[in-house]
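S.K.: Residue numbers (this note's numbering), protein chains in the order written: chain A, 37 to 175; chain B, 646 to 929.
By construction, these hints were calculated from the structure, which means they are not laboratory data.
Keep in mind the model is a prediction, meaning the values are calculated, not measured.
Glycine included, each C-beta is placed from N, C-alpha and C at the ideal position.
A few of these clues could be false.
Said to hold, decoys possible - Pairwise CB distance ranges, derived in the manner of DEER restraints: (1) Phe132/A to Phe895/B: 18 to 24 Å; (2) Gly872/B to Phe132/A: 34 to 40 Å; (3) Ala885/B to Phe132/A: 19 to 25 Å.
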Amino acid sequence: MINAEPTGETRRQGIGGDDDVVRVRQLVRAAAVATKLSLVDQTKLVTAASELARNTLIHGGGGYAEVIPVTNGRRNGILIVFVDDGPGIVDLDLAFTDGYTTAGGLGLGLSGARRLMDEFRVETTPGEGTTVSAVKWER
Amino acid sequence: METNTALRLAAVLADRQDAVVEAWSDAVRETLRGRLTRAELDRQLADLYTLLRTLLESGSSSLGRPDAADLRSMLSDLSHARARQGFSVSETAISVFALKAAFYRAAGDDDHVSKADFAAFSLFIDDLGLHTVETYVAARDSIITEQSQQLMELSTPVVKLWDGVVAVPLIGTLDSARSQIVMERLLQALVDTGSPYAILDITGVPAVDTQVAQHILKTVVAAQLMGAQCIISGIRPQIAQTIVSLGIEFGEIVTKANLSDALQYALRSLGTDIGKRAPRGAVI
Ligand SMILES: Nc1ncnc2c1ncn2[C@@H]1O[C@H](COP(=O)(O)OP(=O)(O)OP(=O)(O)O)[C@@H](O)[C@H]1O
Ligand SMILES: [Mg+2]
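Same shape as in the complex, but just chain B (with noise of 0.2 Å):
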C-alpha cells in the first residue's frame, strides 16, 4: 500500500471510530454465541483497531515491518485465545474480516476514501486474516498435543478403593509410555496411602501381548518390593486364551474375574470381611 494511501484510511479510520467499530463488533458478535462478553469484545475490538490505525499512521501496512509487532502479538493472542474457547477457524477469522464490511458500511460515504483505497484496505485486511488463521492453527495444534497428554493421564486413575486398598482401571493400548505412567502412579499411591494392596483392572485393555505382559509384571515385582500384594483382574477370556498360547506365566500373581472379586479378596486378607454387599466405590 502506497504511503500516501495508509495516511489517508489511518485519517478515515480516526475520524469514523466510533462508527466503524460499533458496526464491526455489531457483525462478530452474531458469530460469539455466547462464548464471549460483549464488553470483552468491545474491548478486543477498539485494542485491535487502535493498533492497525496506528500502523497505517506510520503509512506502512506491512504486517512483517518492526512497528507492526504489537499488532502482530495481538492477533496471536486473539486467535490463542479464541483456540481455547473453543471457536472454529472460520468463527475467528470473521472476526477479522468483518471489518472490511463494517468499514465500507461506516466509511463508505467519505469522499476522502477512493475506490483504490477501499480494495487496499481490503488487501490489509486479507493479511490480518491470513496471519490470524496461522496462528489459530498452530494453537489448534499445540492445545490438541496437550490435550492427548493430559488424557493419557487422565486414563490412568489411580483410586484408593478402600483403606489399604487402591486400584487402576487400565483402559486401551498399554504401550511402554503409558505404562511408565501407570508403574509410576501406581507405587506413588502406595507411598501416598500405605497400601498393601493394589490392584490392576485390565477389562480395558483390547490385547495383552508379551510387552504389555513384561510391563505388567515389572509393576507387580516393584509393588512387592514395596511390600505391596498385586492383583490383576478383568481378564477377559479371548485374553487368557491368547496369554496362554503366547507362553506368558503370569506364575504366582494373584488373578481374578473382575474388580469386585479383586477387592473382596483383598479386603478377605485384610481381614475386613464385607460379606455379599458390593461396597460403595467398588464399582468403576
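Chain A with its partners taken away, still in its complex shape (with noise of 0.2 Å):
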C-alpha cells in the first residue's frame, strides 16, 4: 500500500481518446503546480501521466484517471491513479522490462513511469484490469 492521504479534492478524468491524455496532463500539470512541486519533479510528474494515461487508453481500452494532492505526513505530493477494465497485464515483470512492448511502442512507459515516480503500484487481473497508482513527493 502507498501511504498517503488526501489533502484536497479528488479530479477525475476519463480517458477515451487522445484528447484526454492531453487533458489528464493538464490536470496533473496544474496539480503538481499548485502542490509546488520543482519545475523537474513537474515535468516528471506530467511525462509519467502521459505515459500511464496512454497505456489506459492503448492497451486498457480506455478508463480514468485520479489525481489527488496527498500526504505522508511529512511531506507533500500528488497521487494519480490510472484505471481501466481492459485485458489486464498477465506477465508484470516482462511488462517491466525496457524495450518490451506488444503495440509497436518504444516499450519503456511502464518502466519509465516508474522510475520517474516515487511510489509505483499496480494491480491487475488478468481478463478484469488494471490499476495504476503512484506518487511524487515534493523535495
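Relying on the hints, combine the two individually framed chains into one complex.
M.R.: Here is the structure:
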C-alpha cells in the first residue's frame, strides 16, 4: 500500500481518446503547480502521467484517471491513479522490462514511469483490468 | 399568422418601403463599427426586406415553407458573413430584430395595421431572428474547427535557415496528428530545398514522453533515409532529466543546447564557417 492521505479534492478525467491524454496532462500539471513541486519534478510527474494515461487508452481500452493532492505526514505530493477494465497484464515482470512492447511502442512507458515516480503500484487481474497508482513527493 | 394579416402587412411594407428600410438601416448601422460600408448594409437590408415582403405577399409568414427558402438562405448567408467579419451573436441578431422598431417608427401611424398586426409582425421577426442566431452559431462552430486546423499547420512552420539547413521549431503538445504533419512537412522541405541538414527545435515542447520521442526518432530515421541529417536542439534541463529517467536513448543523434548552436554545427559541417557572429534569420 502507498501511505498517502488526501489533502484536497480528487480530480477525475475519463480516458477515451488522444485528447483525454492531453487533458490528464493538464490536470496533473495544474495539481503539481498548486503543490509547488519543482520544475523538474513537475515535468517528471506530467511525463509519467502521460505514459500511464496512454497505456490506459491503448492497452486498457480506455478508463479514467484520478489526480489527488496527498501527504504522508512529512511531505506533500500528488497521487495519480489510472483505472481500466481491459485485458490486464499477464506477466508484470515482462511488462516492466525496458523495451518490451506488445503494441510497437518503445516499451519504456511503464518502466520509465516507475523510474520517474517515487511510489509505484500496479494491481492487475488478467481479463479484468489494471489499476496503476503512483505518487510524486515534493523534495 | 392569418392570411389576411400577412397580406395587410405586406401591403404596408410595400407602401412604406423606403421609410422603413431607412429607419432599419439607421438602427443597424450604429452596431457596425465600420466593419461593413453603408452601401453594403443598405443593399443587404433592402434584399432581405424584399424577400420577407414577398413571403408575406404569398399570405404566409412561415419560415418552414418551401417558398420561404430564399429568405432562409439569405438569412444564413448574412449570419455566415457576420460570423466571419467578427460580429458577436447579439450584433448579428440586432440586424434582424431592429426591423421591429423601424417598422413601428415608420409605419406606426398607418391605420391599415392594427395592434394585433404589429404583434403578429413582431412574432414573425422573432422567427427570423432565431433562425439567424442558429445559423450564426453553426457558422461560428465551423469557423473555430477550421481555425484550429489552420493553427495546427501554422504552428509547425518549416523554415529555411540557411542554404542547406531547414528547421522546425516545435511548440506545444506533440500528439500523433501534429507529429505526422511535422514529419511530412519536414521531409517535403528537405526535398524542395535539397538541404542536407534539418534542425528539430523542441524548446517549446512542454514534455517529451515515449510517444513524442518515438515521433522524433522516426522523423530522424526518415530524414536519414533521404540522405539528410537531423539535429535536435532546445532540450531543456528538466526535459533532459526526464528523458534519461524514462530510458529513452537518442543514440547517434546530434543534440545541441539551442537553435543557434545547432545551426553553427550544421554550417561547420557544410564547410560554411560563420564565426561567432549570429547570422540573420537564425533567431526565431
Ligand atoms: N493498462 C494496461 N493494460 C494492459 N496491458 C498493459 C497496460 N499497460 C501496459 N501494458 C502492457 O505492458 C507493455 C509495456 O508497456 P509500456 O508502456 O512500457 O510500453 P508500450 O506502451 O508498449 O510502449 P511505449 O514505450 O510507447 O509506452 C505494453 O506493451 C502492454 O502489453
Ligand atoms: Mg506505454
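S.K.: For each hint, tell me whether it holds in the structure or not.
M.R.: Each hint, compared with the structure:
Here the CB-CB span from Phe132/A to Phe895/B is close to 22 Å, well matched to the stated 18 to 24 Å. With their beta carbons about 39 Å apart, Gly872/B and Phe132/A fall inside the hinted range of 34 to 40 Å. For the pair Ala885/B and Phe132/A, the supplied restraint of 19 to 25 Å holds, since their beta-carbon distance comes to about 24 Å.
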